[in-house]
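For chain A, the structure is supplied; the task is to place chain B on it using the hints.
Going down the list, the protein sequences come from chains A and B. Each residue of the first sequence is one higher than the one before, counting from 1 in our numbering. Each residue of the second sequence is one higher than the one before, counting from 1 in our numbering.
By construction, these hints were calculated from the structure, which means they are not laboratory data. Fair warning: this is a prediction, and the values are worked out from it, not measured in the lab. All clues stand as given, with none of them false.
Below are the SDA-like pairs computed for lysine to any residue, each with C-alpha atoms no more than 20 Å apart in a straight line:
1) A:K134 to B:R197
2) A:K134 to B:A278
3) A:K134 to B:E179
4) A:K321 to A:Q311
5) A:K12 to A:G68
6) A:K134 to B:N177
7) A:K134 to B:L176
8) A:K78 to B:F195
9) A:K134 to B:I199
10) A:K78 to B:E182
11) A:K215 to A:G25
12) A:K181 to A:H223
13) A:K181 to A:D220
14) A:K321 to A:E344
15) A:K78 to B:L180
16) A:K134 to B:V204
17) A:K78 to B:R197
18) A:K134 to B:L180
19) A:K78 to B:E179
20) A:K73 to B:E182
21) A:K134 to B:T194
22) A:K247 to A:P317
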Amino acid sequence: MSEPRTLLAIDKVSKNFGRVTAVDGISLDIRENEFFALLGPSGCGKTTLLRMLAGFETPSGGRILLDGHDIAKTPPNKRPVNLMFQSYALFPHMSVRANVSYGLEMERLPAPEIHSRVDAILATTELVPFADRKPEQLSGGQKQRVALARALVKRPRLLLLDEPLGALDKKLRGAMQLELKRLQHEVGITFVIVTHDQEESLVMADRMAVLKDGKLLQCDTPHAIYEHPADRFVADFIGVMNFVPGKAATDGVVAANGARISGKVPATLSPGASAVASVRPERIRLFPEAQTANRTTGTVEALAYQGLDLQLHVRTPLSPKPFLVRVTADAADRRPVASGDQVELGWDAADVRVFAE
Amino acid sequence: MKHLPSRSSLLMAPALVWLTALMVVPCALVLALAFFRRGIYGGIEYTFTLENFGLVFDPLYAGIFLNSARIAGTATLIAVVIGYAAAYAISAAPRRLQPVFLFFAVLPFWSNYLIRTYAWIVLLNREGLITQLLRWFGYTGEPPSMLYTEGAVIAGLIYNYLPFVILACYAPLSRLNPELAEASRDLGASAMTTFRRVILPLTVPGIAAGAVFVFVLSIGNFVTPALLGGGRFQMIGNLVYDQFLTANDWPFGAALAMALIAIMLLVLMAQALAANRASGHAARAGGDTDG
Numbered sequence: 001m002s003e004p005r006t007l008l009a010i011d012k013v014s015k016n017f018g019r020v021t022a023v024d025g026i027s028l029d030i031r032e033n034e035f036f037a038l039l040g041p042s043g044c045g046k047t048t049l050l051r052m053l054a055g056f057e058t059p060s061g062g063r064i065l066l067d068g069h070d071i072a073k074t075p076p077n078k079r080p081v082n083l084m085f086q087s088y089a090l091f092p093h094m095s096v097r098a099n100v101s102y103g104l105e106m107e108r109l110p111a112p113e114i115h116s117r118v119d120a121i122l123a124t125t126e127l128v129p130f131a132d133r134k135p136e137q138l139s140g141g142q143k144q145r146v147a148l149a150r151a152l153v154k155r156p157r158l159l160l161l162d163e164p165l166g167a168l169d170k171k172l173r174g175a176m177q178l179e180l181k182r183l184q185h186e187v188g189i190t191f192v193i194v195t196h197d198q199e200e201s202l203v204m205a206d207r208m209a210v211l212k213d214g215k216l217l218q219c220d221t222p223h224a225i226y227e228h229p230a231d232r233f234v235a236d237f238i239g240v241m242n243f244v245p246g247k248a249a250t251d252g253v254v255a256a257n258g259a260r261i262s263g264k265v266p267a268t269l270s271p272g273a274s275a276v277a278s279v280r281p282e283r284i285r286l287f288p289e290a291q292t293a294n295r296t297t298g299t300v301e302a303l304a305y306q307g308l309d310l311q312l313h314v315r316t317p318l319s320p321k322p323f324l325v326r327v328t329a330d331a332a333d334r335r336p337v338a339s340g341d342q343v344e345l346g347w348d349a350a351d352v353r354v355f356a357e
Numbered sequence: 001m002k003h004l005p006s007r008s009s010l011l012m013a014p015a016l017v018w019l020t021a022l023m024v025v026p027c028a029l030v031l032a033l034a035f036f037r038r039g040i041y042g043g044i045e046y047t048f049t050l051e052n053f054g055l056v057f058d059p060l061y062a063g064i065f066l067n068s069a070r071i072a073g074t075a076t077l078i079a080v081v082i083g084y085a086a087a088y089a090i091s092a093a094p095r096r097l098q099p100v101f102l103f104f105a106v107l108p109f110w111s112n113y114l115i116r117t118y119a120w121i122v123l124l125n126r127e128g129l130i131t132q133l134l135r136w137f138g139y140t141g142e143p144p145s146m147l148y149t150e151g152a153v154i155a156g157l158i159y160n161y162l163p164f165v166i167l168a169c170y171a172p173l174s175r176l177n178p179e180l181a182e183a184s185r186d187l188g189a190s191a192m193t194t195f196r197r198v199i200l201p202l203t204v205p206g207i208a209a210g211a212v213f214v215f216v217l218s219i220g221n222f223v224t225p226a227l228l229g230g231g232r233f234q235m236i237g238n239l240v241y242d243q244f245l246t247a248n249d250w251p252f253g254a255a256l257a258m259a260l261i262a263i264m265l266l267v268l269m270a271q272a273l274a275a276n277r278a279s280g281h282a283a284r285a286g287g288d289t290d291g
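Just chain B, same shape as in the assembly:
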């Protein structure tokens, strides 16, 4: 090696070792697994095959992928709308109150994910809190079936990942020079036009970051669909889980997992590219200020 590692790269070493040992190696193993055959009684037969990947594109399984993407997409869309509105309200609050509101926004993170999801079961159950509340108001009909529906899964996903969206959108909103909105008003724009033409375009990076977060975490999620969606195969996460732990088809489970990782990487890369284009524009401008 020509260069001695600098001090800063030494500081990175523990993280690199950790990631290599616990991320890269297991991923490589799972990837390798996907190219083998399933044994007749479970287990793995070490002969090379591409069958598992072929099966991923089987309409039955491809449909589950599409279904997962649709559920994750719906959750993302709703979470972004709710989260952006909340972030906007927080950034418009008095400066000293903003950290307090942000604290409450992320407060759910302080309790366990499973417990939070179980709480939704208590809420949505046929004789759960919502039904009881309806009864208290005088409702006497059939209890609504809310639990074990796609809606319940979407609600659970939104609930769990909303704080990410709020934090991601709050950052650019709070950094926005308030004089920009004033300038727009001064030039004759209504409050709505000001939002559409000035505030929204300047905070798109935050929306994109939050949306990618929710989508990537949602599409691979298996706890929420398992608990709130009932045992049906609604999402890929459950399918992968099932292949490894119930069907005992590790190679196919591995192929599904790889396909899922590929989808996530594509989404992340698209976002990184878009963000890079935005900052690259700024960097190019930096060297050309005195034209």
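The shape of chain A in the complex, shown without the other chains:
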């Protein structure tokens, strides 16, 4: 398979606001036709990075190469990049159609072409019935689609989306996640989305970057990041993780109570150093087979039935926090557990990730 072409190369980009460093030497490659997510907690620099890509902030250092040209100092109205604002920023005094036409009018395209392109994008985003409405007459989901149509109609090389689903309620958000992915495929434009919602980026992104304190922690596919987090922060931030604190050994971590958790220890961790062994809730089995590498017993403190599966909070001697265990509804039916029950937990050494504490 040939390596996909790089569309946007972010090269050691930094941004300082006075003495605050918002973005600290980030390098990233974003590929042609990719759905890319910038993920991180608030204040991690993801929005500043996005604003630099859009042209609203100028980097303090580094280059931003779009198709090989440095656009770091190009004003926003002169770059083939469009931003969908978190607040949508629809022009309140213009109809949906006027909002969507605006960007093409700025390109001084002939009126018939503007008309047909606007018609096409309104159809794609299912906004035809609302074309003559003002933004204040639209629901949240409709506004979001107008904002999207307004940016997409320009056929940018790169579409930036700042927390595009943040203002929607949970159910609508789920539907719009898939809708955005479908649209991205349909229009064939590279999407860069900024979000603090790790679930959202797992669902939507082809690749994602995890940022913290202005630095890039990890950049990979959602699957790789979920299964092989780069450090403890990423492991904790993406999905749910059970942590067992202790000291590193050659083939695992020795917990505070002396129990040994087997797992591959990274070479950077010298034996005796503070470390955590971690395991995802869905990798833990109830009542494991005898030969399972890691085992412990605990007391069920709480059960949360979630339809598809059952979540157990199990108090164990391994860690101060209860273990989170996910059992399929099917398995739970075969061997029911109740609050207060003593249970055995087990997981394989291959499912253990060890990090420096």
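Here is chain B on its own, set in the frame of chain A:
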């Protein structure tokens, strides 16, 4: 009465009494006055007539109305341009500095209107501060005649009412979501196009409110034209003043005053209608969000 007055309408009572006693009743009296005849030696002869209103439309007096409207209109136009620019600059300043700038913008209100207008006489006098400044720079010719001109009146009106325009324009400008301007830039518009197509249309209500304020206060003004325009009849305010206090023709003065009030009401109603249409649009949209 079917309904007992609610508590909130009771709270309105003092204001209503005050306005009725000091606004509505005097206005009604002035209106009544306009339908009587002037006595031969001044005073009022209580016989009904429409002559006074006929006289208002006499070319001599209608001309003064037009002249007043022109002066007030010019002052309004210039005040809106200067005031909007100032409001724009204030709204673009750092948030914590904005109240400071606004404070300085309204600072002149803290001194007396008459004193402020007299200060202009000191400035514009033949041997006033401006002439002295010109001399200091080496100007030796005739001192420019600035005082007692229409320009002086317009300058005085602008100066006095500029803070209203700044405040009226600042309100919508400061409420404007800054992302709207960014969105316009992002979609390919220059800064100028962004101003013309996004910022200006969204702040028109503020401009209209400020403009109506300046126009209504200017067209009826008599202190500024009297002091800066010299004793000539430049504006209706002076004419009304003169009818009551010099010519002793109260009925005609009353008719002029009524005509002036009618003009002001028309301007205010036009603005209220326009504003109502804008907010009515928003209200209609409010009940129809899930189409």
